[in-house]
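Peer 1: Chain by chain, the residues run as shown.
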Amino acid sequence: NAGVTQTPKFRVLKTGQSMTLLCAQDMNHEYMYWYRQDPGMGLRLIHYSVGEGTTAKGEVPDGYNVSRLKKQNFLLGLESAAPSQTSVYFCASSIAPGNIQYFGAGTRLSVL
Amino acid sequence: SQQGEEDPQALSIQEGENATMNCSYKTSINNLQWYRQNSGRGLVHLILIRSNEREKHSGRLRVTLDTSKKSSSLLITASRAADTASYFCAQSNSNSGYALNFGKGTSLLVTP
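Protein chains in written order, with my numbering: chain H, 434 to 545; chain S, 2 to 113.
Keep in mind that a hint or two might mislead.
[To be verified] Calculated cross-link-like contacts (lysine to any residue; reagent style SDA-like; alpha-carbon spacing at most 20 Å): (1) H/447 / H/496; (2) H/442 / H/459; (3) S/105 / H/470; (4) H/442 / S/97; (5) S/57 / S/70; (6) S/70 / S/23; (7) S/70 / S/43; (8) S/57 / S/29; (9) S/105 / H/496; (10) S/105 / H/535; (11) S/27 / H/492; (12) S/105 / H/459; (13) S/71 / H/531; (14) S/105 / H/474; (15) H/442 / S/29; (16) S/105 / H/460; (17) S/105 / S/54; (18) S/27 / H/515; (19) H/490 / S/97; (20) H/503 / H/447; (21) S/27 / S/52; (22) S/57 / S/40; (23) S/105 / H/447; (24) H/442 / S/43; (25) S/27 / H/477; (26) S/71 / S/43.
Bear in mind the hints are in silico, worked out from the structure with no lab data behind them.
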């Protein structure tokens, strides 16, 4: 049982490049979330989805886009990467609102 | 926004000692959750306590909740070196799909 899988695990980008982070969950969860974590900080919400085909902005959405075309996948896109987007990105899923969230192992992104 | 705040920011103890971490939050909650993060890894759920509960146990973990003071504490008894990690409390935010609001966490170091 894989749980929540994030790809890639590491990535280095140059300023202005684009990329997509993939989150896949095999638990049939409705709710999915993208967070970012910066040094010495807790996690901050970027975007979230309460079901297939739905997405919404979180606390720090600027510079990111998301899509949830399939229930099991939640994609996070950076159209034009900036150094301020250097961070560790975590995806999480939950079966119901307010329930336990299951996290992926994270994607460590550096933007030079 | 970071609704929760953990205290202390860092805690260093020896194996066998107890570790206590505190969490304060700002608004009413349905439940409060504690998560653990090993260095460079994703978050792992430890325990969830509902607003109508005052205390909950799980193995060597004991969580208390005082809704009148908007505070919670996590006690780890008989600490082991393997307990070295960062610990976060989190509350669900109904305004953002029940995403979790995290504080900056308590960094626990348990030395042999």
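Peer 1: Could you run down the list of hints and mark each one as holding or not?
Peer 2: Quick rundown of the hints versus the structure:
1. At most 20 Å may separate the alpha-carbon atoms for a hinted pair to count; residue 447 of chain H and residue 496 of chain H meet this at roughly 15 Å.
2. Proximity of residue 442 of chain H to residue 459 of chain H is assessed by CA-CA distance (about 18 Å); at most 20 Å being required, the pair is judged to hold.
3. A threshold of 20 Å between alpha carbons decides the hint, and for residue 105 of chain S with residue 470 of chain H the separation of about 10 Å falls inside it, so the pair holds.
4. Proposed proximity of residue 442 of chain H and residue 97 of chain S is contradicted: the alpha carbons are some 26 Å apart, above 20 Å.
5. With a C-alpha separation of about 17 Å, the suggested pairing of residue 57 of chain S with residue 70 of chain S holds against the 20 Å cut-off.
6. Distance hint between residue 70 of chain S and residue 23 of chain S is fulfilled; the C-alpha atoms sit about 12 Å from each other, no more than 20 Å.
7. Using a Cα cut-off of 20 Å, the hinted pair residue 70 of chain S and residue 43 of chain S is violated, with the two alpha carbons roughly 30 Å apart.
8. At roughly 19 Å between alpha-carbon atoms, residue 57 of chain S and residue 29 of chain S fall within 20 Å of each other, so this suggested pair holds.
9. Only pairs whose Cα atoms come within 20 Å are accepted, and residue 105 of chain S paired with residue 496 of chain H is rejected, the gap being roughly 23 Å.
10. Between residue 105 of chain S and residue 535 of chain H the CA atoms are separated by roughly 19 Å; this keeps the pair inside 20 Å, and the hint holds.
11. Proximity of residue 27 of chain S to residue 492 of chain H is assessed by CA-CA distance (about 17 Å); at most 20 Å being required, the pair is judged to hold.
12. Simply put, residue 105 of chain S and residue 459 of chain H have alpha-carbon atoms about 29 Å apart, too far for the 20 Å limit, and the pair is violated.
13. With a CA separation close to 18 Å, the supplied pair residue 71 of chain S and residue 531 of chain H stays within the 20 Å bound.
14. A hinted pair counts as satisfied when its Cα atoms are at most 20 Å apart, and residue 105 of chain S with residue 474 of chain H qualifies at roughly 5 Å.
15. Simply put, residue 442 of chain H and residue 29 of chain S have alpha-carbon atoms about 36 Å apart, too far for the 20 Å limit, and the pair is violated.
16. Between residue 105 of chain S and residue 460 of chain H, the direct Cα distance comes to roughly 28 Å. Violation of the 20 Å bound is thereby established for this hinted pair.
17. Note on residue 105 of chain S and residue 54 of chain S: the hinted pairing is violated, with a Cα-Cα distance of about 24 Å set against a maximum of 20 Å.
18. The straight-line distance between the Cα atoms of residue 27 of chain S and residue 515 of chain H is roughly 33 Å, outside the 20 Å bound, and the hint therefore fails.
19. For the given pair, residue 490 of chain H sits about 8 Å from residue 97 of chain S by alpha-carbon distance, which is consistent with the 20 Å threshold.
20. Restraint check: the Cα-Cα separation between residue 503 of chain H and residue 447 of chain H comes to about 30 Å, which exceeds 20 Å; the hinted pair is violated.
21. Restraint check: the Cα-Cα separation between residue 27 of chain S and residue 52 of chain S comes to about 14 Å, which is no more than 20 Å; the hinted pair holds.
22. This hinted pair does not check out: residue 57 of chain S and residue 40 of chain S have alpha carbons roughly 26 Å apart, beyond 20 Å.
23. At roughly 29 Å between alpha-carbon atoms, residue 105 of chain S and residue 447 of chain H are farther apart than 20 Å, so this suggested pair is violated.
24. Only pairs whose Cα atoms come within 20 Å are accepted, and residue 442 of chain H paired with residue 43 of chain S is accepted, the gap being roughly 11 Å.
25. Restraint check for residue 27 of chain S and residue 477 of chain H: the C-alpha separation of about 17 Å stays at or below 20 Å, so the hint holds.
26. Only pairs whose Cα atoms come within 20 Å are accepted, and residue 71 of chain S paired with residue 43 of chain S is rejected, the gap being roughly 27 Å.
When each numbered hint is compared with the structure, violations occur for hints 4, 7, 9, 12, 15, 16, 17, 18, 20, 22, 23 and 26.
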